[in-house]
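Protein sequences appear in the order of chains A and B.
Read in the working numbering, the first sequence has 69 at position 87, and its numbers run on one by one without any break.
Whatever position you read off the second sequence (first residue = 1), add 12 for the working numbering.
By construction, these hints were calculated from the structure, which means they are not laboratory data.
Keep in mind that this is a model prediction, so the values were computed, not measured.
Where is the CB? At the ideal position from N, CA and C, for every residue including glycine.
Not the full set, but computed from the structure, chain A residues with beta-carbon under 7 Å of chain B:
id, residue
1, Gln55
2, Lys59
3, Arg60
4, Glu62
5, Ile63
6, Leu66
7, Asn67
8, Glu70
9, Val71
10, Arg74
11, Tyr75
12, Ile78
Each computed EDC-like pair below joins lysine to aspartate or glutamate, with the alpha-carbon atoms no more than 20 Å apart:
id, chain 1, residue 1, chain 2, residue 2
13, B, Lys204, A, Glu70
14, B, Lys204, A, Glu76
15, A, Lys43, B, Asp96
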Amino acid sequence: MTARRVAIALAVLVAASLLFLFFQKQISARWMTVPAHPELSAVLDDVIEDERSLARLEPEKEAEHRQRFERAQLLRKRLEILQLNREEVTRRYELILWAIFLGVALLVTVLYLLGLRRDEARLNELRGFLEALAGGKGDIQTGERKRDTIGRIAGMIEETSRVVARDRNRLKSLEHLASWQEAARRHAHEIRTPLTAAKMEAERLADLVRSAGGGKTAELQSGVSSILEELERLRRFTREFTSFARIGQPQLQEIDLKALVSEYCKTFGSAWPGMRLAFDPPREPFPVRADPEMIRQVLVNLCTNSALALNGTAGVMRFEIFRQKEGVHLRAADDGPGIAAEVLPRLFEPYATTRKIGEGMGLGLAISRKILLDHQGDLKLEATSSAGTVFRLVFPIPHGGPP
Amino acid sequence: MILAALLLVGELSETSRPAVRASPQATWEEGSLRVRIPSQVLLDVEVRRVLQSGLTVTFLFDFAVPRARLERHASLQVRYEPWDETYLTSLLSQGQKREETLSSFDSLAKWWETLPWTVPNVPPLEGNSRAELKITISVVPFSATEERDARHWFAQSIEEPRDLGSPPAAGAPGAQSTRDDMLGALITTAIKRRALRTFRWIVTLPEQERR
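For reference, chain A alone in the conformation it holds in the complex:
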């Protein structure tokens, strides 16, 4: 709190007091002239004189006239006393009004200065939070509850810090996935070259066995076929690696998420035996900027995971779309057995899977999250239990869209 502000507040207080004093003097000096008006005393003098004269003229009513006389005389004396003290009474009246005004003004000034001091302290506190924000701290809680200007600034700092934290997490995840992608790309490259050579040699060997003939031909052909099958399995494995390593950037376009999910449910409704897709489309459209092919791929990944978890038993995957503060949300909830607890900490990391060797590499969720992160959104696990698992796809609201 600066001395200048205090000085200004006090100057305003003094000026207001003087102005009040000046104007109230103009008013209060006049009201006392009414009871002390000389005409009043003159009329009372006449009444007193009249009553006394009447008492002489009507002796039988003397008591009555005397009573009236006494009343008038009493009032005359009181007015005289008031007249004698007029200036003092007026001054006292002014003093009381002025004291009340000054008291209220002082109270207001003190409250104002206290408010200034408190705001100054709050601003200093906010400065600390801003420095922390500038230093990269995320998820800042200022503890401000008021909704005044400073409170709103505090809210903005909290919001910004949340965005910073979210972006940092997103960046970290993307970096993490990028390193995995690079590793996958290198592994695929290293495997693909010898794999191609081995496959060619195996095929040439098969041709040689066929053309050479002989007693062991069938046995040799069976061996070569087995080698080729294993090489094919290795090729598919390498292709999965490659597909993870080559996740492209989404080709964003404005689409209606509701229409996309409806169409997806129609197209893929019978893709997984035993699993039903359910979607109750809302009335209004849900425009988002997204790559429809990639989002379909994410939905396929989620459904595939659910179908594998159901392991042939009947189940339902339900979709729900709604809007929240930070974006449009697509909820995908199955009624499967849930995700094993030991996987949860690494759920979105590549190769996090409980499946047996050869039944999948656990890249589906990693790829799906990468796609959503590339959309400036996110893929989150909302809940999982023995009653089912709920994933949530978050899409940012496109600029100019509804809040």
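Given chain A, put chain B in place with the hints provided.
Frame of chain A; chain B shown alone:
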């Protein structure tokens, strides 16, 4: 006893109203000072007005002989009774009270001049210079009883008018009354007995008689 020539040193009225020109006279009488004060005090415009209003006017007399470190006080109350057109007086001096009823203002003035104000037991005044008697008369225009009555009446006049027959308003019945009482007290205490006029004389005393 030699009648000393009384010298008016100055009439020091505190206001700028027309001065009372006649001056008091002081003489020695058996070791006491006898003082006569002119009735012109009663003729002062303001004094006469309040006298005729029917209020109880009090004249407070202070006599002081500084060289003897002596002070004496007396008071005179005068109230005009307009029904009978008489003046009721009550003199309190040297522990004695004396009451008179006078039939007119002239009678009052005459009676005033006969009042034998006494400053008793003045000790021998040492030194060569002439001694002085300081006389102060303060005119208080109304009595303490009249002050109380006027305050009460004024307090009732400025209170919020209300029907005395109806019950107090709901809410905070005591708060309103307390506030009225407080404001009433603050304003009405401005009505106070204070001197309407003050007359002062310094009279040079004649040479003190030898005892």
